[in-house]
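Asker: As a plain string of letters, each chain reads:
2 protein chains.
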Amino acid sequence: MMDYGKFFSADVPSFMRSPVREIFRKVDLSAICSFAGGYPAADTFPTEDIKRLSSLVLDKYGTKALQYGATQGVTELREVIARRYGVPLSQVQITTSSQQGIDVCSRILLDPGDIVLSKDPTYLGALQSFAAYRAKVMPLEALTLSEAGRAKFIYVIPDFNNPSGETMTLAEREELVRKARALDLIIVEDSPYREVRYSGEALPTIREMAPERTLHLGSFSKIFAPGFRLGWIIGPEELLEQIYVCKQSLDLCPPVFDQYLAAEFMGSGALDRNLEKTISIYRRRRDRMLSLLEKYMPEGTSWTRPDGGLFLFLTLPEGMDTVEMYDEALSKGVAYVAGSFFFVDGSHRNTMRLNYTFIAEEKMEPGVKILSEIIKGRL
Amino acid sequence: MMDYGKFFSADVPSFMRSPVREIFRKVDLSAICSFAGGYPAADTFPTEDIKRLSSLVLDKYGTKALQYGATQGVTELREVIARRYGVPLSQVQITTSSQQGIDVCSRILLDPGDIVLSKDPTYLGALQSFAAYRAKVMPLEALTLSEAGRAKFIYVIPDFNNPSGETMTLAEREELVRKARALDLIIVEDSPYREVRYSGEALPTIREMAPERTLHLGSFSKIFAPGFRLGWIIGPEELLEQIYVCKQSLDLCPPVFDQYLAAEFMGSGALDRNLEKTISIYRRRRDRMLSLLEKYMPEGTSWTRPDGGLFLFLTLPEGMDTVEMYDEALSKGVAYVAGSFFFVDGSHRNTMRLNYTFIAEEKMEPGVKILSEIIKGRL
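Read top to bottom, the protein sequences are chains A and B.
Position 68, counted from 1, in the first sequence is what numbering that gives the first Met the number 0 calls 67; the numbers after and before it change by one each time, with no gaps.
Position 172, counted from 1, in the second sequence is what numbering that gives the first Met the number 0 calls 171; the numbers after and before it change by one each time, with no gaps.
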């Protein structure tokens with residue numbers, strides 16, 4: 000028997016397992032009432048477009064679409080993104096998923112012991128990435144001046160935060176930029192949901208407010224399909240240059256065929272047509288979800304009312320424990336993700352994240368009903 | 000003006016730029032006689048199969064092919080690989096390119112100052128990856144006993160080494176395994192070319208000889224198409240488990256649509272049919288390349304005679320310098336990669352790597368002729 004433990008890097012004990020991915024590993028979510036995954040609705044996927052574009056890409060680009068590509072990403076896709084968001088081509092790097100965007104930003108910026116300031120609660124995959132580099136994550140508000148020296152960047156999801164579904168106000172954005180400038184910090188603006196807004200008005204991105212210090216992460220997962228694992232980074236060229244060099248050793252280049260598909264999908268207007276459909280489906284599901292919570296949830300329970308994105312966040316009466324409650328829920332056919340997983344210190348055990356985009360519409364009411372009964376049974 | 004330098008991780012100064020990728024950034028290789036890239040021939044890409052399979056995958060797997068997938072990879076693809084190579088499913092992890100395979104092995108195993116033992120010369124992308132983790136690379140033969148304690152793994156490309164095109168003999172494989180067992184080291188067996196053999200008999204893989212300590216990296220780039228960025232790792236479950244957790248934070252999962260394409264391509268027998276075609280094209284090109292070298296190269300020049308893969312390695316008379324010669328070659332319309340880039344210590348400046356798979360056949364003779372004239376002019 001070999002002892003493998005002795006081979007591992009000193010980083011390995013800091014690796015965090017995603018409780019969400021562990022749920023997926025064990026349970027077939029499509030078989031139950033699942034509010035767990037951060038999955039888009041399958042009926043928003045442009046299957047027919049993809050069929051058509053697969054042929055079109057091979058006809059139009061030939062074997063170039065199947066060969067190795069540039070590390071920065073395929074020029075055609077970078078151009079479409081640069082045009083859509085009004086930035087120069089030199090400020091666009093394609094990533095193999097926006098999770099890779101988080102990883103590569105962490106990789107070039109973080110050393111063990113460094114501090115990342117984050118909105119709290121925040122995206123689990125980002126917490127995993129920061130932990131893997133042995134950085135310490137602190138809630139944005141908690142920083143003391145003596146610690147500021149080890150802080151490298153601020154991580155935020157300004158639009159429809161995962162898990163809370165909340166959107167930063169203009170005043171909060173301005174305050175964030177002020178703080179970043181005062182402390183001279185980079186801002187990593189994670190923006191996978193921004194285009195999926197179904198009510199209210201869009202506010203400026205952090206990148207637009209502080210382009211000199213913001214790495215803005217975009218994603219095709221919620222506006223095209225997550226099965227393609229494509230995202231992008233818009234940021235200052237000096238930072239992108241190191242990301243480019245780093246990405247050479249990560250995977251040489253993003254998937255080329257998929258990039259041409261995305262370029263044609265976004266460039267031809269098919270993306271905007273499909274996004275309109277997606278938004279109307281999600282708006283309906285959010286409204287339904289909010290009315291079901293209204294109908295079934297007991298007094299003392301509260302929840303956020305998102306204007307976009309995939310999630311809302313439920314707060315149960317003080318003292319309840321959604322981690323402990325999870326097995327009962329699963330045994331009764333309902334899955335969610337405990338809210339405490341998204342808090343830097345694992346607190347707020349009386350909260351849960353509810354995704355309302357993946358679940359079939361006819362399962363929403365039974366799901367909420369079962370959940371409310373479990374909660375009532377523990378009041 | 001911001002000073003970005005102060006934000007970077009202590010790893011960043013160790014990042015190596017790939018001279019090969021830098022060549023690609025500046026020169027359109029298809030416009031010249033290029034022996035530079037490690038690119039497969041475009042006429043080996045199964046374009047019609049891919050068109051057909053794109054529709055088939057969407058019809059057969061539906062929106063599952065467009066949704067997030069399991070971190071280990073899509074089960075259908077893992078099963079096809081497990082069957083092809085005779086290993087249990089639990090020993091197969093899909094990677095987003097075999098470059099990611101190298102990166103993730105490095106990520107879980109290496110700390111700054113650790114030693115990787117490598118065949119010398121070796122693959123540049125691997126040297127980049129080891130450098131990015133601030134590991135020290137030492138030629139396999141050079142290890143002294145006092146250094147053995149910091150050695151974590153041995154890195155080898157046993158079949159048709161990049162850049163040399165050489166294949167390890169059975170005796171060399173046995174010696175390697177003996178050494179790894181004596182020093183109790185992991186072996187990372189990088190095997191992107193193994194299936195592309197056009198003469199001679201296949202020898203056992205290192206994984207087959209030492210399954211308890213080998214991480215075997217496979218790739219779809221040379222047997223399907225590199226534009227899909229798909230590879231796999233076969234190895235002990237205890238090591239794969241940490242790779243799985245690490246991969247969650249790298250990119251959540253490999254590209255799902257592409258994985259189903261690869262599963263259908265490999266599982267249906269289309270891969271083997273296409274591989275037969277690829278091998279016969281490459282055999283012809285190798286033979287042509289060898290006869291052109293024979294015809295044009297001056298006395299005192301020698302080269303390897305590969306049984307497979309994409310490269311051969313040219314050694315010029317002592318004192319010549321292929322790094323210095325490169326600008327002249329490029330100005331005359333020929334590109335190659337200087338051999339010294341592949342040596343751990345940057346030595347052997349009188350060598351060059353020649354790829355003979357990407358270049359159009361009619362450009363081979365003019366390319367070799369120009370190259371030989373440059374060499375002769377410097378004798």
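Please note that the accuracy of each hint is not assured.
Identical chains share a label here; the pair holds if one copy fits it or two copies do between them.
Claimed, not checked - Calculated pairs, DSSO-like style, for lysine-lysine (alpha carbon to alpha carbon, straight line, at most 27 Å): (1) 63 to 178; (2) 63 to 50; (3) 135 to 5; (4) 294 to 178; (5) 276 to 362; (6) 63 to 276; (7) 368 to 178; (8) 25 to 331; (9) 368 to 294; (10) 135 to 368.
Since the hints were made in silico from the structure, they are not lab data.
Values in this document were obtained by computation on a predicted structure and should not be read as measured data.
Asker: The structure should be examined with respect to each hint, and the outcome stated for every one.
Answerer: Here is how each hint holds up against the structure:
no. : hint       : result
1   : 63 to 178  : neither (45 Å within a copy, 43 Å between copies)
2   : 63 to 50   : both (19 Å within a copy, 14 Å between copies)
3   : 135 to 5   : both (25 Å within a copy, 18 Å between copies)
4   : 294 to 178 : neither (41 Å within a copy, 69 Å between copies)
5   : 276 to 362 : within (21 Å within a copy, 51 Å between copies)
6   : 63 to 276  : between (32 Å within a copy, 20 Å between copies)
7   : 368 to 178 : neither (43 Å within a copy, 63 Å between copies)
8   : 25 to 331  : within (16 Å within a copy, 60 Å between copies)
9   : 368 to 294 : within (9 Å within a copy, 82 Å between copies)
10  : 135 to 368 : neither (39 Å within a copy, 59 Å between copies)
Hints 1, 4, 7 and 10 from the earlier list are contradicted by this structure; the remaining hints agree with it.
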